[in-house]
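Listed below are the residues making up each chain.
2 protein chains.
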Amino acid sequence: MSVYTRVEADDLCTLLADYAVGELEDFTGISAGITNTNYFVGTSLGRWVLTLFEQVDETELPFFMQLMDHLAGHGVPCAHPVARNDGGFLSRVRGRPAALVYRLNGASVESPGPEHCRSLGGVVAEMHRAVASFTPVQRNARSLDWIASAAERLDGVMAADEHALLADEIAFQQRATDTLYADLPTAVVHADLFRDNVLFDQARVSGLIDFYYACRDYLLFDLAIICNDWAFDDAEHYCPAQWQAFMNAYVRRRTPDEAERAAWPAMLRAAALRFWASRLIDAHFPMSGEVVHIKDPAPFKRLLLAHRADAPALMPQ
Amino acid sequence: MSVYTRVEADDLCTLLADYAVGELEDFTGISAGITNTNYFVGTSLGRWVLTLFEQVDETELPFFMQLMDHLAGHGVPCAHPVARNDGGFLSRVRGRPAALVYRLNGASVESPGPEHCRSLGGVVAEMHRAVASFTPVQRNARSLDWIASAAERLDGVMAADEHALLADEIAFQQRATDTLYADLPTAVVHADLFRDNVLFDQARVSGLIDFYYACRDYLLFDLAIICNDWAFDDAEHYCPAQWQAFMNAYVRRRTPDEAERAAWPAMLRAAALRFWASRLIDAHFPMSGEVVHIKDPAPFKRLLLAHRADAPALMPQ
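Heads up: the sequence lines are chains A and B, in that order.
Each number in my numbering comes from the position in the first sequence (counting from 1) with 3 added on.
Each number in my numbering comes from the position in the second sequence (counting from 1) with 3 added on.
In case anyone wonders, no lab produced these hints; they're calculated from the structure.
The structure presented is a predicted model; accordingly, all values stated were derived computationally and were not measured.
Any given hint could be a false lead.
Unchecked claim - Here are a few chain B residues that sit away from chain A, every Cβ distance over 12 Å (derived from the structure): (1) R9; (2) V10; (3) I33; (4) P80; (5) P117; (6) L147; (7) L157; (8) H166; (9) Q177; (10) A179; (11) T180; (12) D181; (13) M290; (14) R305; (15) A309; (16) D313.
To be verified - Cβ-Cβ distance ranges computed for the label pairs, FRET-style: (17) B:T189 x A:I297: 51 to 61 Å; (18) A:E28 x B:A174: 43 to 53 Å; (19) B:E28 x A:A163: 47 to 57 Å; (20) B:D60 x A:Y241: 51 to 61 Å; (21) A:T62 x B:T182: 51 to 61 Å; (22) B:E11 x A:R305: 29 to 39 Å; (23) A:P65 x B:W149: 38 to 48 Å; (24) A:P65 x B:R219: 22 to 32 Å; (25) A:T62 x B:R219: 33 to 43 Å; (26) A:T31 x B:E113: 29 to 39 Å; (27) B:E261 x A:R95: 28 to 38 Å; (28) B:W149 x A:E118: 50 to 60 Å; (29) B:R255 x A:M290: 40 to 50 Å; (30) B:G98 x A:W149: 45 to 55 Å.
We put the CB at the ideal spot given by N, CA and C, even for glycine.
Model the full structure from these sequences, guided by the hints.
In structure tokens form, the structure reads like this:
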């Protein structure tokens, strides 16, 4: 159960007075999501999601709101916030910063097939085109520097051989940053496009959600995160049909350049490293008082080892 | 048939290269609308309407685009344009200015019942709240000055007694402008919210369309245009249940003030006059070479006479 903050009808009526979305008809808590409180809210004018931000750095919220608004304005299907009558996107509910967001149809798919990956490839390519004109900046909160300091915290609390692997991989990525990655195209990327952050209506993407790790990074980093989650099954076996379907659709709207093809095997490792490190921190240093799902770090270690041995190609033949 | 400009698949593929909405899947012309060419366009990312502006003053288009974008951003359901990858809303297709717009579900309703009017009342109230923060300005192209010059053109080409009525009503409205209307709240209003410009999904408004007469004017003028079309049947008989349902919903989000209640009977006449005059011009001075539906001016003359005799109240008891 992830509804942290209990919201009452009175809170919602007060909130809705600041918007032009009509009157409250119904609302219900959503038991999904890890770091935010989410409610479905129905009004006389439509269906919305109310998100109360429980852990996000409040100063970063305007960036995320602007990004979702920008993408939706360009036709990229995604959750995006409703403007208040005073023009802002952020409200306050029960002391938390909050946003009212357009509710998307559809649901996430646990075991996506090639047809899901094909639709996603087209959407991600358009997202990577649409962010070219998005100018606000945002650091990557889970950058290589963050991973390096995480490794320091983990020294002594995890098995020595695992920590050695972590340190070795960080060193490899630090070298790659100045060499393989030097000329890669960057833009604001989603950086967390796992299966649970993509909604489908039939086999067509109805929307991307949860942009709260979005940051300026390599477009290729976004692709590597996607490949690691969408083209590998739960036993970390590579599913070439999935990735082929994704890339076939992707390249119809955006063609990766030579530098991106060359950096791909290293970037797959970078994406595995990023989530291995953050899950290690979550597992070894759980934040007190929180009811969160601790996710197993091990799959990302296995993925990293697999990529070190033999990474799949960016463009399947 | 109102598809004026024939658009081919090649035109659409060229157009879509400038957007982030995916690849062309299908398209079909829409035989509705009077002054624009409209096509349904399906792409891999969604469903859109392409509008080619055949008669709209091109310099005014950015205002309309910004207005639709503003309203949609505030949650008011309406047709609104997709941003191009360069950030603009306007493209060019076959030499015409063109916009790609989100396609709404639903259809217009020829004989709306109270339940339709109730939903519309809520949406119009929210639109009238949301425009408070919309700052661009736009003159009313069918202002009282325009009507007065129309009357000059019509002198001698229409029956003398009808022209006398027209002149008398213009004089009445000119006096009302400085007196009854002096303190009325103004904002950007739709100014053309007839039944064919509102789409419904079941009995709920799914969207407002055709904002190409939107301008700064009295909020009450918008209400009077709506009352004249939605609360009068085709024999110009007043349907109090319709108007009561509309206003019951409207006042839950915006309460008309004393000045608006006092000006209401005169404003109903102003709204009837505006469409009587423009339809007289269309009927007596049809533009050459155009395939348009000439609409009968007579109903608006009858409505005007009815209001002069006995106008219904703004707020039904």
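For each hint, the structure was consulted:
no.	hint	verdict
1	R9	holds, 24 Å
2	V10	holds, 19 Å
3	I33	holds, 19 Å
4	P80	violated, 6 Å
5	P117	holds, 15 Å
6	L147	holds, 29 Å
7	L157	holds, 40 Å
8	H166	holds, 43 Å
9	Q177	holds, 34 Å
10	A179	holds, 30 Å
11	T180	holds, 29 Å
12	D181	holds, 31 Å
13	M290	holds, 35 Å
14	R305	holds, 34 Å
15	A309	holds, 32 Å
16	D313	holds, 32 Å
17	B:T189 x A:I297: 51 to 61 Å	holds, 58 Å
18	A:E28 x B:A174: 43 to 53 Å	holds, 48 Å
19	B:E28 x A:A163: 47 to 57 Å	holds, 56 Å
20	B:D60 x A:Y241: 51 to 61 Å	holds, 58 Å
21	A:T62 x B:T182: 51 to 61 Å	holds, 52 Å
22	B:E11 x A:R305: 29 to 39 Å	violated, 52 Å
23	A:P65 x B:W149: 38 to 48 Å	holds, 43 Å
24	A:P65 x B:R219: 22 to 32 Å	holds, 30 Å
25	A:T62 x B:R219: 33 to 43 Å	holds, 37 Å
26	A:T31 x B:E113: 29 to 39 Å	holds, 36 Å
27	B:E261 x A:R95: 28 to 38 Å	holds, 34 Å
28	B:W149 x A:E118: 50 to 60 Å	holds, 55 Å
29	B:R255 x A:M290: 40 to 50 Å	holds, 43 Å
30	B:G98 x A:W149: 45 to 55 Å	holds, 53 Å
Violated hints, in rising order: 4, 22; the structure is consistent with all others.
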